[in-house]
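Student: Spelled out, the chains give:
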Amino acid sequence: MSSFELLIILPIIFGFLGYLVSFLRNEFYFLGAILNFHYAVRIFFISRKTEVIRKTFGIFNFGVDKLSGFVLLFISLFTLLILIYSIRYLKYYEKKKEYFYYLLLIGSISCGIVLANNIITLMIFWGILLSLIFGFFQYTTKNNSEDAFIKSIFILGLSDFLLILGFALLFVSYGNIPLNLKISLNNNLNILAYILITIGCFAKAGAIPLHSWIPEISKVMPASTMAFIPASLDKLLGIYLLLKVSYYLFDLNTNFTLKNYLMIVGSITILAAVLMALIQKEAMKLLSFHAVSQVGYMVLGIGTGVPIGVAGSLFHMLNNTLYKTSLFLTTGQVEFWTKETRIEKLGGLAVNMPITFTSFLISALAISGIPPLNGFFSKRMIYQGVIYLYKEGNYLFLLYLLAAMFGSVLTLASFLKLTHSIFLGDRPKEYEKIKEVNFSLWFPSSLLAFLCILFGILAIPLPLKGLIYPSLPFKIEEIGFWQPTLAFILIILGIGIGFVIYMWGAIQKIEKREIFIGGESLKEEERHFSGDQFYSPIKEAPLLSKGFEFGEEGSFDFYNYLKTILGTISLLFKKVIDFILEIIYQTIVYFSETFGSLLRKFQSGILSDYLVVIFIGIVIILLILIL
Amino acid sequence: MIELYILLIASIGAGIVAVEIKDLLASAISLGIVGFSVAIIFILVQAPDLAIVQIVVEVLTVIIFVAVILKTTHIDTTLENKMEVRDYLTKGVFVIFGIFFLIFSISALKELPEFGKPIMKIASHYLAKGFEEIKAANQVAAVILDFRGYDTLGEATVLFTSVIGVLTILRKIGKKK
Amino acid sequence: MVPYLCCIILFLIGIYAILTKRNLIKIAIGFCLLEYAVNLFFALIGYKKDALAPIYTNVSQSKNFVDPIPQALVLTAIVIGLGTTALLLSVAVRIYEKYKTLDIKEIKRLKE
Amino acid sequence: MRGMTIIVKTITKLLVGLIFLYGIYIITHGHLTPGGGFAGGVIISASFILLILAFGSEEIKERIGYIYSSIFESIGGLLFVFIALFGLLLGSYFFYNFLPKGKVFMLFSSGIIPLCNVAIGIKVGAGLFAIFLAIAATRFIMKE
Chain W
1 MSSFELLIIL PIIFGFLGYL VSFLRNEFYF LGAILNFHYA VRIFFISRKT
51 EVIRKTFGIF NFGVDKLSGF VLLFISLFTL LILIYSIRYL KYYEKKKEYF
101 YYLLLIGSIS CGIVLANNII TLMIFWGILL SLIFGFFQYT TKNNSEDAFI
151 KSIFILGLSD FLLILGFALL FVSYGNIPLN LKISLNNNLN ILAYILITIG
201 CFAKAGAIPL HSWIPEISKV MPASTMAFIP ASLDKLLGIY LLLKVSYYLF
251 DLNTNFTLKN YLMIVGSITI LAAVLMALIQ KEAMKLLSFH AVSQVGYMVL
301 GIGTGVPIGV AGSLFHMLNN TLYKTSLFLT TGQVEFWTKE TRIEKLGGLA
351 VNMPITFTSF LISALAISGI PPLNGFFSKR MIYQGVIYLY KEGNYLFLLY
401 LLAAMFGSVL TLASFLKLTH SIFLGDRPKE YEKIKEVNFS LWFPSSLLAF
451 LCILFGILAI PLPLKGLIYP SLPFKIEEIG FWQPTLAFIL IILGIGIGFV
501 IYMWGAIQKI EKREIFIGGE SLKEEERHFS GDQFYSPIKE APLLSKGFEF
551 GEEGSFDFYN YLKTILGTIS LLFKKVIDFI LEIIYQTIVY FSETFGSLLR
601 KFQSGILSDY LVVIFIGIVI ILLILIL
Chain C
628 MIELYILLIA SIGAGIVAVE IKDLLASAIS LGIVGFSVAI IFILVQAPDL
678 AIVQIVVEVL TVIIFVAVIL KTTHIDTTLE NKMEVRDYLT KGVFVIFGIF
728 FLIFSISALK ELPEFGKPIM KIASHYLAKG FEEIKAANQV AAVILDFRGY
778 DTLGEATVLF TSVIGVLTIL RKIGKKK
Chain P
805 MVPYLCCIIL FLIGIYAILT KRNLIKIAIG FCLLEYAVNL FFALIGYKKD
855 ALAPIYTNVS QSKNFVDPIP QALVLTAIVI GLGTTALLLS VAVRIYEKYK
905 TLDIKEIKRL KE
Chain R
917 MRGMTIIVKT ITKLLVGLIF LYGIYIITHG HLTPGGGFAG GVIISASFIL
967 LILAFGSEEI KERIGYIYSS IFESIGGLLF VFIALFGLLL GSYFFYNFLP
1017 KGKVFMLFSS GIIPLCNVAI GIKVGAGLFA IFLAIAATRF IMKE
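Residue numbers (the numbering used here), protein chains in the order written: chain W, 1 to 627; chain C, 628 to 804; chain P, 805 to 916; chain R, 917 to 1060.
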């Protein structure tokens, strides 16, 4: 048995053992995830050394190249981390037995997807993953969540159906081909297949307009689910597949229009989602809108078709999974004690939970693209890719660049609001006794935050040269000049100076006065100032207000439109078919009645009448015989 | 063979009378005329067996008809009724059918061997064998009971069935009394 | 061919009775006529000119016989015809007992 | 059923035995002379019918006539079938002529044909007589 099968099968077996044996449950689950991670690491190192490894089992064909080895490693890592996190986080959860089993299954099947090296294998594993995700959602949702559940199932199911349809189209025209042929995108069938597959990838990763299931489930799912499915796994899989399809299976550079299609989707996703995130008052929902927004960068980067942009997109995918997972997890830690995710009710928790706060802050800065953290570096690579479009003569690059940069700014703004509302500001009285969470809760998020810093400072030697550049099929040329280490040193210097200035200020005695509003002094508890009203003027801005109204009402939600359209069509069809059936029925009734009354006249009970009919028949027969 | 034609025409005339006459007893007698004409024709065409049976059966038929007519009514009241559309229709259909049937039968009869000259392919075989092997003088009996015993058995069954039918239909009244 | 045609005319008379007559006994007569016509037709088919009945005798050694097969077929048919006519008439008797008429239209009317 | 006049009765008395005998003759000589089971059976039934028509009958007698004629008809039919079955038993096929053929123009000749004639004669005579009894002797229950 090679490590390929073990990687997939062992988590399933250990998960099943854990499902059966109650007293060693957590140990078995943990063992399964660890073994999965172990084999993933082994495969990763094997894939670094050799070129391509293939293995065939019947129609299944597994193979690992440098890209899939790298993605595989992170899928296993995230499965392990989320498992560690949720063992503590969901300790009192009723259905945790099934929850963990599904978690392990999803981890191993995702590994199968990444390892798949021909169409059939990919289709089968993708289908299995879809059904597993349904099961997973079913076991993780809270009460009153049928709508969200149905919505996610609907969007994911429909888009996965389209994806499989796209692969099926390919299968019909090319057969069971491996995924690295670089087919050129210039006949209609291939373009159709490509668009269908990208729709599946978009829904998985959460690009607009197929994003709406992510904010919807964020209201009803625990933080660990959110961190696992939309934040890490689906980004890895969706973007991995998009990349694989765009530059391995097909060659995106052969079709100019499709590149623009990807970039437009990316830009709109960035802007629309970040604008929606700006006005949210619920931490999980806000984060989920950011999870959507960040996908836009990756799609934009892949769409550029410029090596540096694609590399940046891949790097951004990695970074995004790191900091977004960390953000979800830390928010989950806050929720673990406070049972609250509405940001107006929170505040001032930085003192109580310093480790959580640190992880959150680092991740928030990373997502906002603050140098020298990793988010900045990957975004910068994407910008470079977009700017490079200028050389190709694609003048739309300006719009894309604007959208991406503006989105980044707005991200920072919305995270200022979130950080302030949760961790800074006044602390409500009931949260005074809150303590830091357990090791198993803060360890995953802290590890991820640490990786954010590490990948930021040592961006070029560690992640780029080690992971990203070898994974891509083309040679990457650096554009521009950036020294992360140097920048880090400079920034540390700046922070040091700032700290000195702060201390200078802190030495001086601060004068405390009572707060007056409208001539009345406020009491202590009334002074709590929440950040939920940040940016509310944006909401009322003349141009944007309509858009936000629509957005809140779900007008940008593809699902709603689809639901309405389908409802209308079904109603129409019902009416039309009813009408047609009615007409057919009436016609049949008319004819049968006419014919019946005619026959009734013959059914007189008089012998001669029957004989007349018989003899008419005989006459006809005679006619035929004579003629 | 002038007798044959006279008898045939007589039987046709008697048939028309039997069908059209108002008194049912008279029509039964006319039917008897037809039957006896047929019996005489059987003698003329060298079929004495048939003639014997036909005569006796005709007697019985007339007796039964008369018995029934005496028990029911002997005036055909339906002839007095006005003609309806339906009657015209049936008559029209009959006329059409009759014309077609005549045309068809004429064209079919042309295929038959001429009157008085049958082919007798199987019959010659039967005639030879019936005398030498079965040693029967009456070849009709030989055909009925030896060569074609199955047919006779079937016909006997039909007769049996019809007798049972008559008895079942009519016996119920006797039981009620 | 003329004797055959006469048979067919007799046959048509029977059909005429069955088709147009409304009296049950007339219909039975029509059936009888049909039967006679068919029997006659069979007997005529078997007829051979200047031939004898198909019965060997001590007296004549002639072997010039008419066809015995149609005769054999008709022989049973005659008796059966009587049986079927009797069946028909018994039905008519029963109907008359119930409705007091032999007119089929009247019977139809009374049945409703 | 009422009887007829005395002339008819007298003539009938004289004739009926002869008719019956003639019927038997026709049956038994069916293989030699014209006639046979069918013809003879009808003649026998005619003799009985003549009796009934001339002398009239009572209901009880008619009922007895029913019963006997049905029995005889069944006997005739069964006899016919049994003769055919004997052929199957003794020889090889149904209606096998298993008896010795004898000499032509003799009464006992041509195997089973006379026996079959007898069976059919019984059957036809009894059957037609039963039909006549049923139709002629039916009494109506006139409904008002």
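In case anyone wonders, no lab produced these hints; they're calculated from the structure.
Each hint should be verified, as a subset may be incorrect.
[Said to hold, decoys possible] The calculated lysine to aspartate or glutamate pairs, modelled on EDC-like cross-linking and capped at a C-alpha distance of 20 angstroms, are:
#1 P:Lys-915 <-> W:Asp-609
#2 W:Lys-563 <-> W:Glu-146
#3 C:Lys-649 <-> C:Asp-714
#4 C:Lys-698 <-> R:Glu-978
#5 C:Lys-718 <-> W:Asp-609
Student: Is Lys-698 of chain C close enough to Glu-978 of chain R, meaning Cα to Cα at most 20 angstroms?
Tutor: 17 angstroms, holds
Student: Please work out if Lys-649 of chain C and Asp-714 of chain C have their alpha carbons no farther apart than 20 angstroms.
Tutor: Answer holds: Lys-649 of chain C to Asp-714 of chain C is near 17 angstroms, not above 20 angstroms.
Student: Holds or violated: Lys-915 of chain P with Asp-609 of chain W, Cα cutoff 20 angstroms?
Tutor: Between Lys-915 of chain P and Asp-609 of chain W the Cα gap is close to 17 angstroms, so the pair holds against 20 angstroms.
Student: Given the hint that Lys-563 of chain W pairs with Glu-146 of chain W, does the C-alpha gap stay at or below 20 angstroms?
Tutor: Holds. Lys-563 of chain W to Glu-146 of chain W sits at ~15 angstroms (cutoff 20 angstroms).
Student: Is the straight-line distance between the alpha-carbon of Lys-718 of chain C and that of Asp-609 of chain W 20 angstroms or less?
Tutor: 11 angstroms, holds
In the structure shown, no violation is registered for any of the earlier numbered hints.
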